[in-house]
Every structure is written in C-alpha cells, then in structure tokens.
Amino acid sequence: MLEVNTQNAGGSIVMTPVGDVDLSCSRELQGHIKRALEGKPKSLVVNLEKVPYMDSSGVATLVEAMQIARKQGTRLVLCGLQDKVRSIFEIARLDRVFTIASDVQAAAAS
Amino acid sequence: MLEVNTQNAGGSIVMTPVGDVDLSCSRELQGHIKRALEGKPKSLVVNLEKVPYMDSSGVATLVEAMQIARKQGTRLVLCGLQDKVRSIFEIARLDRVFTIASDVQAAAAS
Amino acid sequence: MEPRHVSSQAERASSPASTVPIPEPTGPAPVRVEMLSQPRFLSGARDLVSAVSKRCGFDDAACGQMALAVDEALCNVIRHGYDRRPDGKIWISLWPIEESGKEPTGIKIVIEDEARQVEPEKIKSRDLDDIRPGGLGVHIIQQIMSRSYFEKREKVGMRLVMLKMHNNR
Amino acid sequence: MEPRHVSSQAERASSPASTVPIPEPTGPAPVRVEMLSQPRFLSGARDLVSAVSKRCGFDDAACGQMALAVDEALCNVIRHGYDRRPDGKIWISLWPIEESGKEPTGIKIVIEDEARQVEPEKIKSRDLDDIRPGGLGVHIIQQIMSRSYFEKREKVGMRLVMLKMHNNR
Ligand SMILES: Nc1ncnc2c1ncn2[C@@H]1O[C@H](COP(=O)(O)OP(=O)(O)O)[C@@H](O)[C@H]1O
Ligand SMILES: Nc1ncnc2c1ncn2[C@@H]1O[C@H](COP(=O)(O)OP(=O)(O)O)[C@@H](O)[C@H]1O
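Residue numbers (the numbering used here), protein chains in the order written: chain A, 1 to 110; chain B, 1 to 110; chain C, 1 to 169; chain D, 1 to 169.
Looking at chain A on its own, in the form it has when it is part of the complex (with noise of 0.2 Å):
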C-alpha cells in the first residue's frame, strides 16, 4: 500500500515514501528501512517531503532505523519535513536526536 521510491547512487541511499506513514503502513516503511541498511550504505537519506503526515509507529520505525544506523556506522539524515510531520518530531522531543536537513540536496552536503 505505502509506495516508496529508493534510488542508490554510489553508497548512498535516497529513500522517498509517498503518502500518510500510519499504523497501516509503518511495517511496511520498516522492511524498507531495513533491507536498505542491510547493506551497510554510507548513509541512508529518508526524504519525508512526499509525506503529509505520520504517527507514533513512523516515527518508531525511524528511531529504529538510527539505532541500527550508529551500530554500524552508517549515517541516517531526515529531510523534508512538513509541517504536521514536523510537529510530532517536536513534541515527542526527538528534532535534535535525528539529523534533520531541509531537503535531499542539504541532507547530502550535511
């Protein structure tokens, strides 16, 4: 159901999930996540721009995603955010616990 676009440009994984990250659809990001870092990428780039909102459970999947990230060495960046995705980030205090860039180009360079 959760459509994501993955590009790998030389070790490097641009990640894009297209649509409401809920409940419905949280495992579905986590399989990708994870089939992404399993092959230890130099960093992984979640680009949340084509996504208008998410829950608790997208944003578990992400703290799970950097947990696995430190472990082996790979850097996890967010991009992207919009607002309503934004504001969860913010409540449940984790903005400065992700690398957060505005967008792809940025997260790149960071």
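Calculated directly from the structure, the hints in this document are not laboratory data. Do not take every clue at face value.
[Unchecked claim] Using 27 Å as the maximum straight-line C-alpha spacing, the simulated BS3-like pairs for lysine-lysine come out as follows:
| # | chain 1 | residue 1 | chain 2 | residue 2 |
| --- | --- | --- | --- | --- |
| 1 | A | K84 | D | K54 |
| 2 | C | K89 | D | K54 |
| 3 | A | K84 | C | K54 |
[To be verified] FRET-style restraints, in silico, Cβ to Cβ:
| # | chain 1 | residue 1 | chain 2 | residue 2 | range |
| --- | --- | --- | --- | --- | --- |
| 4 | B | Q105 | C | I131 | 24 to 30 Å |
| 5 | A | D83 | D | L128 | 20 to 26 Å |
| 6 | B | K50 | C | I131 | 23 to 29 Å |
Each residue gets a CB set at the ideal place from its N, CA and C atoms; glycine is no exception.
With chain A fixed as given, assemble chains B, C and D with the ligands onto it according to the hints.
For chains B, C and D with the ligands alone, kept in the frame of chain A given last:
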C-alpha cells in the same frame, strides 16, 4: 463563518470567497452576492480560486445570481475553478451555462 | 430505532440499474457515523468518506466525487427529511466491497434517517435543461455512483443505498 | 455494550490537571463514529476529527494535532487493547464545547472500546530521554490536549476523555 473578500473597481466587482462552500455557509455567500448585485454593477466576477469544495447549495446560489444578473444587465463571470468545483458544474451540465474564465485577469478581459 | 443492519429491500426504487449484479456487503458496517442533522458536521462526514474511499482503492478525483454524493444526500435529509430541524439523527454506514483477503474493488455507502418518509420514486432532480436554483442533488448522486436507490426504512425514516465500483459497473 | 453516554467518572486517573474547570458537555454526542479495530480506518477517523475541530474554531495546526492525538489513542486501542484483533469495536464521540447560541470554545473527544481493562494510572509513555522505538503515544496525547484522562468503562473496556480548549486551559 465564510470569509468573502470583495473588491470594487469602477463598477466592476470581484468577489473571492475563501473556503468550502456547502450548506453551512451557502446562504452567507448568497447574502454577499445579493448585496453586490443590488448596486447593479457592470460586472460581477466570482473568483473561486480559494474554494476547494462546493456542493449543490453553492451552485444554486450561483444559478440564482446568474438569473438576477441577466435581468438587470450585470455581466456575471466565474473564474479560478479548482478541479472538484469544476467537476460539480460538469455533472450538473452548468459549465456551458455560466461564463467561466481561467482567472481574474481573463475574466476582466472576457 | 438505530439501524444495525441493512435489511432486505422492500419498496425499493432503483436508479437506472446496471446489468451486472454488485456484491452488496451485509452485516454490521465496519465504519459507521451517527450525526445530528446540522450542516456544520457535513465537512467531517465528507472527509471521512473521502479517506475511507481512498483506502478502498479509489483515486483522488473519485474520492472527492464520493464525498460530494454523500454531502448531497445529507443535505437532502437535513432540508427535506428534517425540515432543517437540528436534532434529527443521521447514520452513514460504510463497507469496503471486497472478497476476503483481497484488495477492495468498491465501496457501499448507506445513509439512514428517522425523518419523513416519502415514496422513493418521487425523489428525483429537476430536468437539467430547466435551469433554476437547486434541484440537482439526486442527479449528482446518480451520476457519481455505480448504483443508488432510496427505500423506506421499516418503521421510520428513509434509507439511501449507494454503491461505487472501481470499474463503475 | 454500546456507549450512549459518558457517565460520571469512577476510577478516573487525570493527566496533569488544569486549575480552571472545563465545562464538559454531557448527553449523547452530536457526532459519533463506530469503527472496527483496523488500521485502515485510522485515516477516516483522523480526517473527520480534523474537520469537526476546524468547525469548532481551531486553526489548521491545532486540527492536525487533534487528529494525531486521536490516531495515537486509536493505535493504542488496536495494539494494546485488542492485541491487533481486527473485529473489536471502537467508538469516537465528539462534542463541540459551547454555550448555546455562541461559537464553540473547544471540543471534547471521547474514545471507548470493549477491550482489555487496565488500571488507568498504568497507562503512560516512556521517559522522553530513554530513547527507543515506541512509547510516545500517551505523551503526545497529553501534550496536545488541554486535559485527558483514562477510565475503566462500567462493564468492559476503557474510555479516554480528551478536552481541548482554544486557550488551551
Ligand atoms: N432525503 C429526502 N427526503 C425527502 N425527500 C427528498 C429527499 N431527498 C430528495 N428528496 C426530494 O427529491 C427532490 C429532488 O432533490 P434534489 O435533486 O436534491 O434537489 P433539491 O433538494 O434542490 O430540490 C427534492 O426536492 C425532494 O422533494
Ligand atoms: N488503550 C490501551 N489499553 C491498554 N493499555 C494501553 C492503552 N493505551 C496505552 N496503554 C499502555 O500504555 C503504554 C504506553 O503507551 P504509548 O505511550 O502509546 O506507547 P506504546 O504504545 O508505544 O507502548 C503502552 O505500552 C500500554 O502498556
């Protein structure tokens, strides 16, 4: 409840409602339009670019406006129809009954 | 009084029927809204219908149209059924149309009230060429839905059954 | 089984209470959704809550947050209450908070289920500094709402009462 911005330039009125037009506010729109028509302006442009949604109670208000306008010689033009609003005019086969322009500029020139 | 099931159809008046039978879900609806007959709740009902339709596999344009059809039906209940009384009850029931385990192929939407009963065959819009304010709601519903029909509920009120399939048959 | 009223509160556990009492509407809710415990219906519930909140005078950001709070509460009922069983019932009831004839000053939202009963005081999120996946839903609800509390329903299931005022008190 319904925000309606009205500009009067030399006997030509441009009216811009903001928000959904449904049964909860179509009478309000009706009031605004009737007051505008009372002055027998040369033209009345109803700019719908800020109306994401309209139901048949809104359409009825515009049909009534058209009938009053015709009688008194006011030119009534609709413009800026978003997809969902265009769809109801098409279903009701009123898209050819009204003069419909793309935007306010085109409406003035039409 | 409260409708739990859509029962078998007595006194049914069909809109132009499609030839292929549509598998109508029965049993309690997985999503049901109960609302008072107040125009301020129309937007909530619309947005719920649109979101559930989306999850039934319809594209954004179709979801918007389904929201419009439901809005028109609710407006009619508020205006004609309850004469704009604000304390009438309206129920909107939604069923994804699906074979178990498969993706939905359509949606069934039923609107019920406890308002005035009218003969189903009397519920129709004006001639489209007879242009005047109003008289479009039922036409809009029929255009948008694959199939729709009104019926009298068992004791009080009316029921409008609307079916929409992906392939519009 | 079906909740028609929110009755007086026994076994209530309050979240950090505001000092000013909020006028809680009683009686049947003017809008109520009954849904099965399936994640695919979350988006419909969210969009309805957001649209009704809008009609209660909240700005878009607040409406989005209220939709999030309800989503979190529903997720918890689905996961913890019903252990992801798809056939549990959930009720969402909405009341504009208003004096008659005046514009609403807030909204009351109640979520009820027939699922496992737990002690209200045991329902809480993880420490925010103890970063791990999950454990945020209850915190999010408390942050967004002016006031919220869980209680056991009379016979089966839980009830979550959420109040949000314009001035957030
Ligand atoms: N829920 C209803 N209860 C009673 N009568 C209805 C209902 N819905 C529609 N009608 C009847 O059908 C007619 C056509 O409805 P519609 O096409 O929506 O146009 P309008 O409501 O503007 O008259 C109405 O005028 C009314 O007589
Ligand atoms: N509706 C519920 N029924 C039973 N237990 C609940 C419910 N909601 C929350 N809880 C309990 O409260 C805890 C905290 O919930 P939450 O903050 O949403 O985090 P999470 O659900 O990720 O654990 C849950 O782990 C659960 O034990």
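Structure-based check of all given hints:
1. This hinted pair checks out: K84 of chain A and K54 of chain D have alpha carbons roughly 15 Å apart, not beyond 27 Å.
2. Between K89 of chain C and K54 of chain D the CA atoms are separated by roughly 22 Å; this keeps the pair inside 27 Å, and the hint holds.
3. Restraint check for K84 of chain A and K54 of chain C: the C-alpha separation of about 20 Å stays at or below 27 Å, so the hint holds.
4. The hint said 24 to 30 Å for the Cβ distance between Q105 of chain B and I131 of chain C, and at roughly 28 Å that hint holds.
5. Take D83 of chain A and L128 of chain D: their Cβ atoms lie about 21 Å apart, and the range 20 to 26 Å holds.
6. As the Cβ distance of K50 of chain B to I131 of chain C is approximately 26 Å, the hint placing it in 23 to 29 Å holds.
The earlier numbered hints are all upheld by this structure, with none contradicted.
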